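Asks: Spelled out from the first residue to the last, the chains are:
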Amino acid sequence: MKRREFVKSVSRLAGLTVSTRLLGFYPLNRLTGYLLVPMDDTQSDHLKAYGLTYRVIGAGLKAEWLLNYHGGAFLLPDADSIRRDAALNGVRAEPVDGGRITAIRGEIEANNMDAVPLEKAPKVAVYAPPNAAPWDDAVTMALQYAGIPFTKIWDPEVLSGGLRDFDWLHLHHEDFTGQYSKFFLIYSGMPWLADMVQRNADTARRLGFATVPDLKKAVARGIHDYVANGGFLFAMCTATETIDLALAAHSVDIAATFADGTPMDPQADAKLDWSQTFAFTGARVEPNPLVATFSDIDGHQVNAGPRRQPLGAFKLFNFSAKIDPVPTMLVQDHRQSIPDFYGLTTSFLRTRLKPGVTVLADEEGAPWVKYVHGDLGKGTWTFFGGHDPEDPQHQIGDPPTDLSLHPHSPGYRLILNNVLFPAAKKRELKT
Amino acid sequence: MLRSLSAGIAALTLAATPALGQAIGQGFELERSGRHAEAAGVYVTTLRTDPANLPALLGLERVLPILNRLPELLPLVQRARERVPENGTLRALELRVYAGMNELDSLEAAARRWAGAAPRSDAPYREWALALADRRMVDEARRVLLLGRRTLGGGAATLAIELAELEQRVQNWEGAAREWGHAVAAAPDLLPNASSQLSETPLPQRSKVVAALTSPGAAPRTQRLAAEVLLGWGQATEAWRLLEQSIAVGPPSTETATALRRFADLAGGVATPAGHRVRGMALSRWADLVPSPLAERARAEAVRELLDGGDRVAARAALERLTADSLAPPEAKSMAEAALVGVLIADGQLDAAERRLAAESGVLGGDDRSTLRMQLARARVTRGELDRAAIVLSGDSSVAALAELGWIALYRGDLRGASDAFRAAGPYAGERAAATERTAMLALVQQIADDSLPELGAALLMLARGDSAGAVTALRRVASHLEPRGGRSDVLLLAGQVAARLPPPQDGTAIALFDEIVRAGGPGAAPPAAELEWARVLIRQGRAADAVQRLEHLILSYPGSAFVPEARRELERARGTIPRS
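Protein sequences, first through last, are from chains A and B. Read in order, the letters of the first sequence correspond to residues 1 to 431 in the numbering used here. Read in order, the letters of the second sequence correspond to residues 1001 to 1581 in the numbering used here.
I should point out that these hints are in silico values taken from the structure, not numbers from a laboratory. Mixed in with the good hints there might be a few duds.
A short list of chain B residues far from chain A (calculated; beta carbon distances all over 12 Å) [unchecked claim]:
{"no.": "1", "residue": "Glu1031"}
{"no.": "2", "residue": "Leu1074"}
{"no.": "3", "residue": "Arg1221"}
{"no.": "4", "residue": "Gly1417"}
{"no.": "5", "residue": "Tyr1428"}
{"no.": "6", "residue": "Thr1436"}
{"no.": "7", "residue": "Leu1442"}
{"no.": "8", "residue": "Ala1562"}
Partner residues are not named here, just some residues of chain B that face chain A (Cβ under 10 Å, in silico) [claimed, not checked]:
{"no.": "9", "residue": "Glu1038"}
{"no.": "10", "residue": "Gly1041"}
{"no.": "11", "residue": "Ile1066"}
{"no.": "12", "residue": "Asn1068"}
{"no.": "13", "residue": "Pro1071"}
{"no.": "14", "residue": "Ile1555"}
{"no.": "15", "residue": "Arg1569"}
{"no.": "16", "residue": "Gly1576"}
Keep in mind the model is a prediction, meaning the values are calculated, not measured. For each residue, glycine too, the CB sits at the ideal point set by N, CA and C.
Given only the sequences and the hints, what does the whole structure look like? Please build it.
Replies: Laid out in structure tokens, this is it:
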């Protein structure tokens, strides 16, 4: 199946399949105990377990996330409809009685574990252009596979304040510097690129911006304000690096001539304002328009010829569950060490991180980190480098990853941790 | 690539003293670690003692643009060029620096100076055009190359490669084809590269490319290029037609033989009947141009290809030549004999094939003989000649023959004999699909209490002979006489599976059969298997919601069934949450 067809079909079916399943939880014809959804190696489908939990809280029921217990297990109310959902999705869910619950809580109390109540299913928005680009978005695929509903939004929605309707926003491959991922020269003549350029240019014109880079800077600012006002932002791949570059470049031209008709400011590095960014500081912008890389934030520089670094493995940090439940939630996984994967932005140089940024995963001995988190105003953001955790060398035009072949993907679990994290009851968060 | 190659050669020829080499090595290290300003410092220092040091100059070409200091390179390059005016790499570097500084008038002046100094060289025009093309000034680059062509003389082949690459860069595939045609006509060694480049032509422009290469008056070599390009796109028959035209011009030569061999090799990558056929044709023609025993081996290979391509007439012609050839080596004769018997079986001349198999003395190898006997037995079965099929296999104690004898017993209705033969053959004889089919049939037969059931044998023979619709009716009739726990569901499942593979009008029959099995339930594997097949039929009909219902029922009703993982995957597909694979 062509990737475009798949993206179209999932967009069509997403709402239908999920809403039908949500209705299945009403009425609860039996609510006698609990179901434990283990998330260690005994789980038969880790990714769908997140969807099951999401649907439980989406139906107005309460769930608990047992941090560091059996790989970050979920405790759900027991009901026929929930058992049915678990069985249909191949999720292992064990009924547990009162005695076992007491024992579990005792174990949690005595160890580096915690139980976090999950109460409200976050409303999820995915920032994506209306057309299908020739690459896949790992988060969209994870949401779709897990059965978590989402809404696609783009520049007009962001600029008209549409983000306030959502609790969680995901960014993936977008180039917020407005340079079309610098594919403009390499993929010149490709229909998808022509479509992308046309669509962005039309949108910029319609919304009153002189150039696409100007439009993207405004969108980056809108996303920044959304987080500052309490939103949750999760970004992967190019979006991590370029949104910070766009924010830092609010008063300077960092786009090449092909993008806005004027060359990049030769003094751009000196004029960048890093006080406006989420995660990074002090970076130097890539001046060569022919090199599809944006700055020296990315440690791997996948498209920069001799500067390209080989892939290793990244290791998740171990946090104190009772003191730091937020980072603990974000690193819940049944694997501590995960093979790395490339993206247009693969990793983040330590030297480019702002003070106060929490590193969630890094590659031991390497000058880069993989997974970072921080606060901004009333909200939080998480950046995860790389494109697709199960396709380390993902190339443009490759077929989409079939997640039913990777139901235990530790990399995709990190994405889904982020989706459930905003569901955690606020007062329980200590950081 | 030309640029980096020339730089590499120059780097070798201008190797500096060890101390200098160490210093510049530091520059490379600094550059690699992103410390561009420091690297530039090392390169400039190197040039102070060795002004024409090419690695240092090329290093500066890499790092100074990053530092926005490219203009600093110009005086250094000019000084080096004055010292070694005949060095083309330095001249080319000077052009690139002017281009990088956007000083196009100076670029042109420098290029013309170089052309004046080297009037027979195409390098000044090539480098000038490349510098312009790198700045996306395609029209200007084309103008320069055409100027070079006119100035240098030598016809359309001059600078044709550069023009082809330029046209390709702007997606003008027709123009690129024309230039590649000129280049190949002058230098046949360029054919592989040209063919590889043009193979990337997008679908909408392919017809224009072919037209450009086959225009009236096109050189035979250009036609050959068209043939190779078409072959790469899978248009084997058209490709062969063009190749034949190209080799018909003039007497056969070494180049003709090379072209035929190359075409045959390339056709080996086209796994279609037409691909096999044209490969066979090319090999046959090639065999006419090469000496023995190469020729006989090629003919034998050609026969096999022609047969795979379904061209029995041409295969027979080649076989006749081969069998009449007293010089043919034994392996070629063996291959020809095997192929001939295969042709006879495929043509339905079973008696003739049988006679030939019985009469041949030692030409055929053991494996070939066994394979042909199996083919013959199956052909007899397809005609309903079970006794004659069994005779063909008599005396063959191989597991494959035992398995085939099991089927023959089954078609006769001898369930016990079939079970014994299948067990004796074991689960691994033959291809994996055949082994799976045999095991499934053994599982079905074991459900039935009777040792003999001729009606079931007749129904299965009907299926083997291709009468699937008749087999469905016959299998349903057989099932109606079986006990619910005595194989009834399994026979109905088989009938349903056959019906489901018939054209759409039989979907109703298949669904009715699957419904009957699911309603009957029971402990066996048939109910979940039937429900899975049912869902697949519904998905094929576009009734995803109904399929989801069936699959959910299967998963929840038979959680321990081996079909559940497959059902869950179908469920994901029906919901559209995973890509179809």
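Asks: Against this structure, judge whether each hint is valid.
Replies: Results of checking the hints against the structure:
1. Glu1031: Answer for B:Glu1031: violated, closest chain A Cβ roughly 8 Å.
2. Leu1074: B:Leu1074 clear of chain A: closest Cβ-Cβ about 17 Å, beyond 12 Å.
3. Arg1221: holds, 29 Å
4. Gly1417: At about 43 Å from chain A, B:Gly1417 clears the 12 Å cut-off, so the statement holds.
5. Tyr1428: holds, 27 Å
6. Thr1436: holds, 22 Å
7. Leu1442: holds, 31 Å
8. Ala1562: holds, 14 Å
9. Glu1038: Violated: closest Cβ of chain A sits about 15 Å from B:Glu1038, beyond 10 Å.
10. Gly1041: It is violated, given that the least Cβ distance between B:Gly1041 and chain A is near 18 Å, above 10 Å.
11. Ile1066: holds, 6 Å
12. Asn1068: holds, 5 Å
13. Pro1071: violated, 12 Å
14. Ile1555: At about 6 Å, which falls below the 10 Å cut-off, the nearest Cβ of chain A leaves the hint on B:Ile1555 intact, so it holds.
15. Arg1569: Where the cut-off is 10 Å and the nearest Cβ of chain A is about 6 Å from B:Arg1569, the hint holds.
16. Gly1576: Status holds, d = 4 Å.
The structure shown violates the earlier hints numbered 1, 9, 10, 13.
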